[in-house]
Amino acid sequence: ASTSGAEHASARARGAAVERDEPPAIGIRCVAYNNQSNRLAVSRTDGTVEIYNLSANYFQEKFFPGHESRATEALCWAKGQRLFSGGLNGEIIEYDLQALNIKYAMDAFGGPIWSMAVSPCGSQLLVGCEDGSVKLFQITPDKIQFERNFDRQKSRILSLSWHPSGTHIAAGSIDYISVFDVKSGSAVHKMLVDRQYMGVSKRKCIIWGVAFLSDGTVISVDSAGKVQFWDSATGTLVKNHLIANADVQSIAVSDQEDSFVVGTAEGTVFHFQLVSVTSNSSEKQWVRTKPFQHHTHDVRAVAHSPTALISGGTDTHLVIRPLMEKVEVKNYDAALRKITFPHRRLISCSKKRHLLLFQFAHHLELWRLGSTVATGKNGDTLPLSKDADHLLHLKTKGPENIICSCISPCGSWIAYSTTSRFFLYRLNYEHDNISLQRVSKMPAFLRSALQILFSEDSTKLFVASNQGSLHIIRLLEGSFKHLHTFQPQSGTVESMCLLAVSPDGNWLAASGTSAGVHVYNIKHLKLHCTVPAYNFPVTALAIAPSTNNLVIAHSDQQVFEYSIPDKQYTEWSRTIQKQGFHYLWLQRDTPITHISFHPKRPMHILLHDAYMFCIIDKSLPLPNDKTLLYNPLPPTNESDVIRRRTAHAFKISKIYKPLLFMDLLDERTLVAVERPLDDIIAQLPPPIKKKKFGT
Amino acid sequence: MVQLRPRASRVPPSAMVDEGQPASEEEEEAEHGLLLGQPSSGAAAEPLEEDDEEGDDEFDDEAPEELTFASAQAEAREEERRVRESVRRDKTLLKEKRKRREELFIEQKKRKLLPDNILEKLTAAGQTNIKKSSGKLKEANLQKENEDCDKGSDSKKAKVQKVQSVGQNKSYLALRLKDQDLRDSRQQAAKAFIQNSLYGPGTNRTTVNKFLSLENKRLPVKKAAAQFLNNAWGTQKKQNAKRYKRDLFPS
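Note that the protein sequences, when read in sequence, are chains A and B.
The working numbering puts the first residue of the first sequence at 10, with every later residue one more than the last.
The working numbering puts the first residue of the second sequence at 131, with every later residue one more than the last.
The set of hints was computed from the structure by calculation and includes no laboratory data.
Computed from a prediction, not measured in an experiment: that's the story for all the values here.
Backbone N, C-alpha and C fix where the C-beta goes; we use that ideal spot for every residue, glycine too.
Among the hints, erroneous ones may be present.
[Said to hold, decoys possible] So the derived list for chain B, only partly shown, Cβ under 10 Å to chain A, looks like this:
hint, residue
1, A206
2, R230
3, I324
4, P331
5, L344
[Said to hold, decoys possible] Here's a subset of chain B near chain A, in silico, CB distances under 10 Å, partners left out:
hint, residue
6, Q203
7, R313
8, K347
Bound-form chain B, shown alone (with noise of 0.2 Å):
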């Protein structure tokens, strides 16, 4: 019998007086453990403690069942078994959730989509567009990017499309989102380009009263500037103001 030497800091000194005499010495030496500060791990203790216990209630009473290897290796089987049955049940679950959320992603993106129709007139009508106005491509590496791609997938030249009676009478045309932001952007970019050669820092402007004012100043009679009043200043005090007037004295 390995006697291991308890890990005294997590078990209080009570616990082991319970056990019984053989604790006893082994109580002095938890305590004496206690004192100097044994560094422990505590969670490594509490179990092995109680094995120790249980291993020592059972040495003492009766010997181990015997088993003979033929039912070990059976219920061995049997154990691999129900482990490879609970795996495959679970995975064909799983097979089975990932396909119906796959379904019902299909499903809503068809909904959100245009009618089939619709979509195949539209790519109907961007490819026959393309090879009228072939000059109107700008590489060649574009168009043969236009003639690989998918029917209904992204394609640019399709963007702007006039479709003549896709509807009922209707013509409209379709557009690609994607296209308009970056067109956005890219106008939004050259408007910044030129307020900020002309009016950026660097430049050298002035407001619009300084530069009416300027007459004003070189006279013999000096005069006020152009905008001499300011009125913008304090904006929010008038209004509040009015709004009090016009609430004590409602017309």
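In isolation and in its complexed conformation, chain A is listed as follows (with noise of 0.2 Å):
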């Protein structure tokens, strides 16, 4: 009963402890949510743009790599799930979510690019520059196509809104916003917003956002922390608000114009809602309802689904909010969603060197873990003998971030890929040194790689492109054998790719598509088979020892077993399947990460995800609804029938959190990386005071 305690007694590498130079957190700058597919598109700071799936339980599917020239500060959909983005280096990019590349960058001509919209129809998409123009391009089938200038502004132009007819346009500025006619691209009205709430203020009063309503009415938040409602028709302010000690900075308004969010740099999200002035009467009013404070820094994003605000913003978390009102079935699903760690794994191990290999958007680290002498109890944390020791800091040259990265088991090769570059670097040990040598010429189809993996016994090196291809390098003392390429299968890319091999060196698996999960003969390099296809995207994917089990996380928490050699689910995949999970087990809002073996105890499976390693032990019981899915060990002076009565299969702990990473270096010996939600704050740009009576 005791199999997990062995585990987890012996020495904790912890992070933390050691100094390392961590780099900022990046935070979010634009969201972007088409209610077509249900998807959020959420830009950062580094440019990275990340596609968020909201109805896979809110999984990141598919991710842009950032690059350091791009300053995205715009991003929206258009008609056919297409999607583009503006930013500071004056240019227009669209993004191809089923090759995962951005197809084409287009300079806008108009210096900075501040602002975006795309219009009603969808087929017109509308930027607002540094130098005060609006520009309006033409969305053709494959491009966009430069249309014409409306009249120019004095200064940047740093919102926009389309009237939902097409025909006017609100572009908010500095002190003003104006109002444009959209057939002669001339400014109809100029209205000049005061710069601080009936006062006087030196600082310029910035809109950072406006919003065009149906019936001619223009909001819009600024720097001096108001919201204002302006008709459009006579140029004249309606309404003020003023909501803030600090700057209003985003806007959505709901398709149904009765509700939008406002965020605000106290890291505040402000509901306002559309409500007749008596219960019996027609006439209505916005109203501010709810204040919501689940942000500790400026919230420069949000946007404004069916039935959930979302808002993101520098401190990195991207926090949705189901409205109770507007929620149909209240259950787990109407719960508060706060994303805060990454949904993929960024962290690789060698287990035989016990090095971990940490991937950041520039740079590389290697770490050698500590070791320790000492033993002890269940829970006990032991003193290292040898401290973790960092080995390499690799940093990559060029402004593109890094997409993935891995190193081999025996800790002899490091591979990493940028958009336009693959490196692969074979590591030398003697003694205490280390020393890195390149390997030259790495093929072209190799680059833009989603994954990357190293067979168990570090001959073979397996890269899936962002094309859909798998490839198989032969790795040999220096140099390297391009062995095979598998050409993309059948079916719509739906997340990452995804890699596993056996152990033994003889299957290779993969996923990402929406035909399922490929299994690869490596031996006779052809398709073996394809387990079904489920609606949710894999999360994690591994191939157990010995029996060639394949095991599949999803992003809706179901675990799946596929044995390879018998090309069907095992028993005890058929089992759960059929009694289901625990119902606390699926509602944990993080994904599945990561998936480990026993080399020995081929009934046992480690995984973990942000919160939380369970071990499971498929010689135990499965627990049902009833059960308490999380039983911590109970304490040894408790009889031996209690402990056999309340053990099941998934045996959980919380111990380490938030976990980044977990695995099992050997049989005694597991490896936590965690990443303390306090070292991220502290890394965070500074927010705005608040003042609270008693300090």
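Both chains are sitting in their own frames, so use the hints and assemble them into the complex.
Okay, structure coming up:
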């Protein structure tokens, strides 16, 4: 019964205990919601764009790596699931969601781009630039084409909004808002904004957001903390709300135009609703209904889906707050979701040499784990006899972010990929010294790799490229040989490809397409079978030693076990599917990012998400909804009977959190990498000062 | 004979004595002049003195030579011709020098430029691209500008072209560096604007430490700040200590 105890009494490598040069956490800059597909596009300050599938348990299914020169300031969806962004480098970028690359980047020739809006019909794109110009582009089937300029304004156009009919647009600038007539391109009204609410201020009033409603009302939010309602027909101010002492930085209106959400620099999100003045009258007015304080820093982006308010900002969290009155079924789905940690694994491990490779945006860090000779009981923290050692700090050249990286199990190879290049390094260990040698002339088809994996014996390298192909490279001493490429199979790309290889080197599994998980026979270099498609994306994949069972975790927290030699689901998998997982297991809100196995215990599956790790013991009975799911090991003086009664297959531990990575190093050692939230917050830019009584 | 009053201050009294008797009375005057501190333009004084001396000598000995008008004229003309010749020679020399330098510059410039054929292809591609994607151009006058400009000269639109197979199966972008600098500076200005608006003077910002510590301060039992230790304090001293330790105890 005490199978899990021995595993985690050994030395814990705590990343927080060692001084490391952590990069600043990457804040969220823009969000764009697509109603048709229920997907959310999120762009961060380093240029990364992530796509979240809100229907698939808010899983981050795709992402486009960032770039140093790309300071994205605007993001929007157009007709036909096309995604565009504009940034301070002056370029309009279109993203290809199937090929998972950037289709093209077109210079708008207006200087840095501050705002972008797609017309209600979805076929025109409006761009607001640094030089005060508003440019209209036509969206053609494969590109965008410049149509014309509107009247040029004096200062930069920081926000744009189309009237639902497409005839007028509102453009927020500095100290004023302009209303343009689309057909003529001329400014119809210029509405001057007070710098301070009922006062005088030296600081210019920046109109961070505008929204144009069907009845001609223009809602503006500005840096003085005001939300103002304007009548666009007359160009006059109708109503003024002072809601914050700091900037109100974002606004999003629902499709029904009966509610909108604004985000402030203090981290507060306000919900405004159109309510009747009295219960019987038809007259309605906008009322500020709910404040939400889920952020600590500036909320620079908000979105309004039919059922939820979405916000994101400098504190890096993505918060999705379902609105109770809009949610039909009041179950766990209506709970607040806060996405903080990555939905994919950024750490790889060399079990033989006890090394960990950490992937950051522009560099990799190689650490050797500390060791201990002490022993103890369950729950003890043992002193390290040898500290964790920072072996290598590998900085990437160029402005592109690292997409993926991996270290071989033997620790002799490190590979990583950016959009335009693929890097492979050979490491040599001599006593305490480590030397690095780059393998030159890597083939061009390896670049933009989505996933890199080494075989268990470190002789082969598997690379999944963004075009859907799978490449197998044989590694030789200091050089390589391209063995084979599996061409993309049928099916659309649903999520980033994940790879798993069997320890005996015979099987390779690849996920990511709508066709299901493909399993390839490496020895014969052909497709062996395909696990039936499941309607939720795969979040983790692994093949067990000796049994060659493929274990797949999906974003809805389902876990399947598929026998590769038998080409069918295992008995255990069928049993648990029939019974169903425990309801608390299914309600976990972070995806499983890593699965591994014990070399000597084929009945154990080890997996973890951000807040727990679990050892599934297939020999023990499965819990049903009435059983206590999280049952830590009872104290040893309890009788064996009680232990046996409460024991079930899912042994969950929440002692480490938040977990970024956890794996078995050998039979007796586990390594866990935590990322304390305080560390993240400590790295953030300054927040707005809040005066609290008594401080 | 005009006796010029000597400018006595520059010339020492001993010089005056050497000239002989007629200078004696002048000497006295000169001394007197010295004592009086007469201002003088020293530089003018000396040559005048010398001329006077020579003039005095010649006058005493011979009559000036007689020159006919014709010979003087001929001499003058000869003089003129010589001067003209020398000027012409100088001019041609300078011209040649300039020519040579100009050629050298052209050669250097040519060396710096890409080979002619590539340049031709670039501008040709630029022109065709402009004609194809005329919708790409922002203002009508810019388009006119492009049509007027010479081949190979600065063209704002030709700056970013994807040139297909200009070299041996290579495709590359031709960028004008000046445009890139302009773009970078504008991007920097934009970033500075954002930084200033959100974090600049007048914004009510505080540090993360203070922000996180607010709660600790309001607890019934007050706790320390979230980041109580200043790890950055005395980093130089710590580094020196480490280095010292390493030197003392090489492991």
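Here's how the hints hold up against the structure:
The interface hint given for A206(B) is violated, since its Cβ lies 72 Å from the closest Cβ of chain A, which is over the 10 Å cut-off. Here the hint on R230(B) is broken, as its CB sits about 44 Å from the closest CB of chain A, past 10 Å. The interface hint given for I324(B) holds, since its Cβ lies 8 Å from the closest Cβ of chain A, which is under the 10 Å cut-off. Below 10 Å, beta-carbon pairs count as interface contacts, and P331(B) has one with chain A at about 9 Å; its hint therefore holds.
Interface hint at L344(B): satisfied, since its Cβ lies 5 Å from the closest Cβ of chain A, which is below the 10 Å cut-off. The beta carbon of Q203(B) is not positioned within 10 Å of any beta carbon in chain A (closest approach about 76 Å), and the interface hint is therefore violated. Taking 10 Å as the C-beta contact cut-off toward chain A, the hint placing R313(B) at the interface holds, the least distance being around 6 Å. Look at K347(B): its Cβ gets to within about 5 Å of chain A, closer than 10 Å, so that hint holds up.
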